[in-house]
Amino acid sequence: MSREKILAAVAANQPASQPLPPDPGMNFPAGDLVEKFAAVVTAIGARVVGIGSVAEIPARIAELFQGGRIVSFIPELAEIAENDISPATDPHTLENVDVTILQPHFAVAENGACWITEDLMGHRVLPFITQHLAMVVTAEQIVPTMHQAYDRIAEGAYGFAAFIAGPSKTADIEQSLVLGAHGPRSMTIFLVGL
Numbered sequence: 001m002s003r004e005k006i007l008a009a010v011a012a013n014q015p016a017s018q019p020l021p022p023d024p025g026m027n028f029p030a031g032d033l034v035e036k037f038a039a040v041v042t043a044i045g046a047r048v049v050g051i052g053s054v055a056e057i058p059a060r061i062a063e064l065f066q067g068g069r070i071v072s073f074i075p076e077l078a079e080i081a082e083n084d085i086s087p088a089t090d091p092h093t094l095e096n097v098d099v100t101i102l103q104p105h106f107a108v109a110e111n112g113a114c115w116i117t118e119d120l121m122g123h124r125v126l127p128f129i130t131q132h133l134a135m136v137v138t139a140e141q142i143v144p145t146m147h148q149a150y151d152r153i154a155e156g157a158y159g160f161a162a163f164i165a166g167p168s169k170t171a172d173i174e175q176s177l178v179l180g181a182h183g184p185r186s187m188t189i190f191l192v193g194l
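Sequential numbering of the sequence shown, starting at 1, is according to the UniProt record's numbering.
Hints listed in this document are in silico derivations from the structure and should not be mistaken for laboratory results.
Even for Gly, the Cβ is constructed at its ideal location relative to N, Cα and C.
Check before you lean on any hint, since a few could be wrong.
Across the chosen pairs, the derived CB separations fall in these ranges [unchecked claim]: (1) E4 to Q175: 43 to 51 Å; (2) I173 to A139: 36 to 44 Å; (3) A12 to E118: 38 to 46 Å; (4) A162 to R3: 37 to 45 Å; (5) A11 to E155: 31 to 39 Å; (6) I80 to E140: 22 to 30 Å; (7) T89 to R3: 44 to 52 Å; (8) G156 to S17: 22 to 30 Å; (9) R3 to N83: 54 to 62 Å; (10) S86 to M1: 39 to 47 Å; (11) N83 to E56: 13 to 21 Å.
Model the full structure from these sequences, guided by the hints.
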């Protein structure tokens, strides 16, 4: 049978299009959404730190991490963090960043992922090369599922972006889980209003 005949047979034998099933959603009240997000984030190996406001972060950073190089683009954290990094920065100069504190566009309750675009990262390598990654999330930023997350990003204009959930993880065939093998050794979510 020739290639053309095979392709013609495949093209002629296409099933009728079926509508997608309805989105079951996860319609939690706002409080339940925050609790679900915090539980999932903890289950995937990250730490949740409840704070009343961003102003509490410098003291919490001092408690959680032993100094080192801190980077953040959140204006309220300028006193403790570098913020002069741009996409033009040589990525090799970021290899010694100890803590990076970022604020994602939103977070997802069902899997603990935070959606962040390059304009909020300073440099696209930063959330992956830092030793410890922290995200500042408010209750209003949490969506229930990836369905709602993809609805939010569908119309966005961005070059580079990522869903980031928990610290870097890898496991071998013996199922020995190692955190921080290929990226941040830890992830902290500063949950504002918790």
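Outcome of the hint check:
1. E4 to Q175: 43 to 51 Å: Given range 43 to 51 Å: holds, Cβ gap about 48 Å.
2. I173 to A139: 36 to 44 Å: Cβ of I173 to Cβ of A139: about 40 Å, so the range 36 to 44 Å holds.
3. A12 to E118: 38 to 46 Å: Distance hint for A12, E118 holds at roughly 45 Å.
4. A162 to R3: 37 to 45 Å: Holds - the Cβ-Cβ distance for A162 and R3, about 40 Å, lies within 37 to 45 Å.
5. A11 to E155: 31 to 39 Å: holds (33 Å)
6. I80 to E140: 22 to 30 Å: holds (25 Å)
7. T89 to R3: 44 to 52 Å: Given range 44 to 52 Å: holds, Cβ gap about 50 Å.
8. G156 to S17: 22 to 30 Å: 27 Å Cβ-Cβ, so the 22 to 30 Å window holds.
9. R3 to N83: 54 to 62 Å: Once the Cβ atoms are compared, 58 Å apart, the range 54 to 62 Å for N83 and R3 holds.
10. S86 to M1: 39 to 47 Å: violated (57 Å)
11. N83 to E56: 13 to 21 Å: Since the Cβ atoms of N83 and E56 sit about 19 Å apart, the hinted range of 13 to 21 Å holds.
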